[in-house]
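Chemist: So the chains spell out like this:
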Amino acid sequence: MDPGTFSGEKAAALAELGVTRASVGVQSLDDEQLQRCGRKHTAQEAKEAIRLLRSVGLENISADLLSGLPQQSEEQLVSDLHELVAWGVDHLSVYDLQYEPGTAFGRRWPVAGETGRPGEAAAAALYETTHWELEKLGFEHYEVSNYARFTQTLLQGPEGGAAGGVSSRSQHNQIYWHGAPYAAYGNGAASFVHSIRASRPRSLESYCRWVEAGGPLEGLELDTSQRDSRADALCETTMLRLRTMEGLTLQAEDGETERCLQAIFGALEPWQEAKLASASFADGSLATPYQYLHNPEEGPAAEQRGKRGQGEQMRAG
Amino acid sequence: MKEQVLDSMELERERGITIKAQTVRLEYKAQDGETYILNLIDTPGHVDFTYEVSRSLSACEGALLVVDASQGVEAQTLANVYQAIDVDLEIVPVLNKIDLPAAEPDRVKAQIEDVIGIDATEAVEISAKTGMGVPEVLEAIVTKLPAPDGDADAALKALLVDSWYDPYLGVVVLVRIIDGVLKKGMRIRMMGADAVYTVDQVGVSTPKKTPVDALGPGEIGYLTAQIKEVADTSVGDTITDDRRPTTEPLPGFKPSVPVVFCGIFPVDANDFEDLRAAMGKLRLNDASFEFEMETSAALGFGFRCGFLGLLHLEIIRERLEREFNLDLITTAPSVVYDIHLTDGSKIELHNPADLPDPVRIDHMEEPWIKATIMAPDEYLGGILKLCEERRGVQQDLTYAGSRAMVVYELPLNEVVFDFYDRLKSVSKGYASFDYQIVEHRPGDLVKMQLLVNEEPVDALSIIVHREKAEARGRSMCEKLKDLIPRHMFKIPIQAAIGGRVIARETIAALRKDVTAKCYGGDATRKRKLLEKQKAGKKKMRQFGRVEIPQEAFIKALKIDG
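If you read the protein sequences in the order shown, they are chains Y and C. This note's numbering puts the last residue of the first sequence at 456; the count rises by one with no breaks. This note's numbering puts the last residue of the second sequence at 570; the count rises by one with no breaks.
Note that these hints are calculated values from the structure, not bench results. Keep in mind that a hint or two might mislead.
Listed next, with one range per pair, are the computed distances between beta-carbon atoms [to be verified]:
| hint | chain 1 | residue 1 | chain 2 | residue 2 | range |
| --- | --- | --- | --- | --- | --- |
| 1 | Y | E442 | C | K394 | 41 to 49 angstroms |
| 2 | C | L350 | Y | E408 | 38 to 46 angstroms |
| 3 | C | A278 | Y | Q401 | 18 to 26 angstroms |
For every residue, glycine included, the Cβ atom is placed at its ideal position computed from N, Cα and C.
Chain C with its partners taken away, still in its complex shape (with noise of 0.2 angstroms):
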């Protein structure tokens, strides 16, 4: 087997994260004597894939709360058991890595159950790495979670967990059984899709995928049925016997809703229908990524994103980047804002640059998050005035033991380009930080536009608070005054709010820009020159007379602490 069986995409195992969730069936002899069939889901821990968590929670009776024994308790862990007490599982808690030097098992017990209140005494200490402590895992299981319960002479009731589209079987749909059985060649119904299809394959990951004929109540496992795409399917739905349906579906879920945006644009406008392929292909798997085209006066073609997170965003582009090698243009992340207009209604802002008329705006208002964010106490200080920075108002403040935990409340455009790097950086890297959206917040926001050589450069528009226009306006135009190479003519750059220069910077001009020798053996030289000039130009993009490298843009958004 693969070192990390599970995560089986690449960036996973390259980042050491899980991104999607996986289930893996597993047979074992308990230490009574009896053989149980354990089904497990594995499931991502980041913040922007909690989507992912609670829909899995939702098809488990129990869950084991898995934290790292020299790390402790971070914030995503109470992200993570919030939901599953929420949903009322069984919990059981699993100290692991218990085999570095630095794990400290009793501390850690004392902190779940001081942070978190669940009873820690019982807690089964692992080191998955070595397999000390596995066994005691699989013996907790079977005797302290409740084994399912379900019909299986009832109506066929099945939770719709995920679905994807796999290159070999086409649409695979994961289903949890509650009550029936699913077999083979049945006709199924899909509720809340109202849509029928007859079950080609019906099968179990162990973790490879294992046809079987039927799956009872309590097993996870998939299903084929000739499903075209798979938009056709809807997480959350219940599938049922289209001869015998069930009476009550279930409760399904909300759809999830994606926080951050930006625009993603191809370098060479050539490579659009690439990318739009591209997308199409990544949005197979990840129903949470959406995007729809937009066209910009300065960049072209290109497409508007929604991401769960940062994150999310920028796997997605890695993806975009390095699996279908693309070059591309990733203009400012930034939130949906409501525009409150002067005749009573309103709209929702994805991009600064489809800002009505001032004179026709009420207010604005901006999302905001509830952050929590723990960090050993020496460090709070830089935390706290970060927070501060970015305009939080601090809810809590409390501590378990040597680590703080410290509750903001911050608007979420002030949090989404550098917020976890800087975060990371004023903690050496051990602060953690998880968020969820509060509510949209009126606030003084205006819309900033660069302008390079007094055009407006639409992928550097933003909406800032007006308090920290001016400040953010220098800082941009400074950046860009070191990425945009010298032209043979002067360049003005500058930070303007409606029609207002705030802020400004110049580029000097190139006196001379010539090869003064030229003869005989020169011309291959000269040329060659030329030609690797002109390599390096690919990157550029051409704004007006002015070339803009690519790299200028994300450079030039990035947020100074």
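Bound conformation, chain Y alone (with noise of 0.2 angstroms):
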């Protein structure tokens, strides 16, 4: 939900609707940044906004972010993302930022570490910082780009220990790294049921005739490799879970698959070494659970702040 282009009567419509969840489209709490990217909101919009959802009784916001945005320094991110937990915002989609040629930004900005466009090396550090801040501020870092408010409870487990917690992880987008079946509404959107990915006329105005036509089959752009090529799923699957915090499991069903899992897991010792994958192999089972390898104080972040530091005693010297 675009902040700028956002009215109260909406909300209350959709909530009538019977709609539990919104995400707001954020993108920075620092106004001259939001003009500079040609954003129609402020910062202030935004809350009041957020403020709006939740008096019609939408209480499960989530916001989504940018980091690596042309001059976005590591103090405005973090003071961002400490605000926007501040007002209660549940959850974070924090994305970096690709500047994709053929797009405004890909155009205004077209080469990494030139004209105020973050290199590629503090994008990175942009994006780790996002990580360490908001596993402070007690968020997991479930999938690629989102992050849930996990409460831990002191609910005793039932083997006694304290165990477990309440996470706002985003059931809608679970839905996609897990493959499962989900309907779709509105311009451009997919839906993937039976295996088939289906997706609407992009523009509002195609959107609109195909409605009133019916909604037909033609309209659709399809895309059945999920069901006809076991390959493709097999890639998709795999892409969608390593992007989440459970990784992918693989359980043997025999002694000639184990031996592949086994190949595999040999075939990903050099990244556990790199300490850019960690996967453990046992009874069977091939795990790669995403673990952030790094501390603190080694990774891009550090780096960063350690290179600024010096620019920073140059200057003073």
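Mind assembling these two chains? They're in different frames, but the hints should get you there.
Modeler: This is the structure we're talking about:
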């Protein structure tokens, strides 16, 4: 939901329809930044939008932020994160901005590290900073770009030990990453039913015409690869699962598949050594959970801070 | 008839060159009213294939020296004509491409007389394209070149000029009859191979293969005799009648010697058997192409191959890739070094990876060549500089008009990879180049290894002269830095001699390699991106944690001028 084109009436109407969660496209809480990016809202308007959503009964709120924006500083990003969390937002999607060629951003800032666009190392540092800050604030980094507030409960687990908690993970998004079916409404939206991905017409005008025509099959752009091609389906499942914290767990059925899994585990060794992957193989089961393997003191964010510190020292000296 | 009738191989036609010698039999009614039978052999001009030329010359009485009337005498002209002079052939100069505006027949005739030393006053001027002058050539053959003499009644003595495998006929043997008569059904003996066969078919090439009943003295033709493999025949051998053998076999030929070597490995290890089969097929018709199996820790199973020269190497490689559809990695072309060990023995080093422990080595020797380069004198400066850079020693410098001819002795290993390319480049393509192996000479040679991510990559090891090592190492590291893609960790690239690093570069690590968003309709797009990436990786080879693209090997090994 775009805070710049938002209305209370629309929110109330959606709540009445049974909508229970809203994702707000905040992007940044720095007004100058927002203007530079051509956004039509201010930080204040974003705050107002969240308050309004709450007032019509939509308690479950997620905010989208961008890291890697032109001229974005680590301080600004950290401040934005703290502020949103303070407003009671339980879920954050923080996306590393992709400057795609052919888009407005891609045209205006074509080269990484130049004209204000963060270089690759700086963008990586901002991504990492998000991770450490939100972890401190009690959020679990459960998907590449998604963080959910995790409240440790004091309830005793079944075995008596302190275990469990309540997470504000997005059920909506998790469905994508687990390959479960979902319906879709709206222009450009894609549904995934019976393993067929169907995208609706992209422009609002063509979408409305399509709806008026009764939503015929020919108007949909179909991808049947998940149904028709085992290789494609396997590739997609693997790709999506590896984006999540749980990763992908493969269980061998027999000796031969166990040997295959062993081979995959062996192939992952160099990646494990390089601290780029974590994998375990036991009892015929290969698991690849997500684990951030660097310490806060190593890794891109610390490097960038170190460089900045040096730069400041040089200016001071 | 197809345009270039004799250059029947696709590659030959494409490159505009002749690779294998081809024969033709022609009936010609001369001006004196007689009908003559002419047996002609068309030979390759390129220096790599002088072996083919020398064999063919031995089967002839005379030669037509065809010189391009616009280009004049070139280095390879000399190489070929000297061979003909050496075997006492009568030579008729022929100036071709006389139709071109750039043709200068008088100048070229003068050049032939000055540079080669044969009389060119009666050189025939022709245009093979328009047909002009061709009847005069045929006349010249009849009037100027001696007819073969040979005794039809004497015991059969025939020279085995060549042999190849034909898919329809089996092994076909090209023969030149010296004495006696070769007939279908005869029992023949190959004297050198000490083998006996019964002749199935005897024929001539017109150029189409046409069976005949018999071949007599002076004729060139082919025979088939249920010979199983080309390897069973030995070029230069004498063929005679088993029931009435000749007492004096012909002197025969020295086997061709490969001078340039490289390793050839399949990119996909699963293609190894296909590669082996392909090489076997190529070898059927090219006995000078040698190969033996080799294993490399990095590249797996492959072959070490020997060629007559760089052109030969390129042709074989191209045929393997094109005709047999194979993706290949070629390691640096290298030469054979003689390693003299401290215990007095000597070994031939074909593969840098096999170099023995330096403590056992007394000294190393490398092959040297004598190169003859001809070019317009305005390019001489660049040419001399290039030769000097490649450790060349000038032997001679002469002029024939505005054309300079320089003779340099050069180490072969300084020439094997891209000397010819560079020569053409500094002379705007005008220089011609020919060489012969002279001898092995001692040199201060060392083995330089390339380490990628601290692991040596065998395929990039080379033997190099010590004074060239640092520059070469630096150049290779710089190139690899650009050719190897960034990985998620930094990659040091080092050149080392005996464990001592002499040059290094570092490839910075990628900091992020993630697609930030992925929901709903994105999944298809992202998956297709991954599949495209995967297809791109097919040409990569894994070395420990590093993926190195195939082209990195070839490009890294080019020598800079």
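Chemist: Checked against the structure, which of the hints given earlier come out wrong?
Modeler: The structure conflicts with no hint, since it agrees with every one listed earlier.
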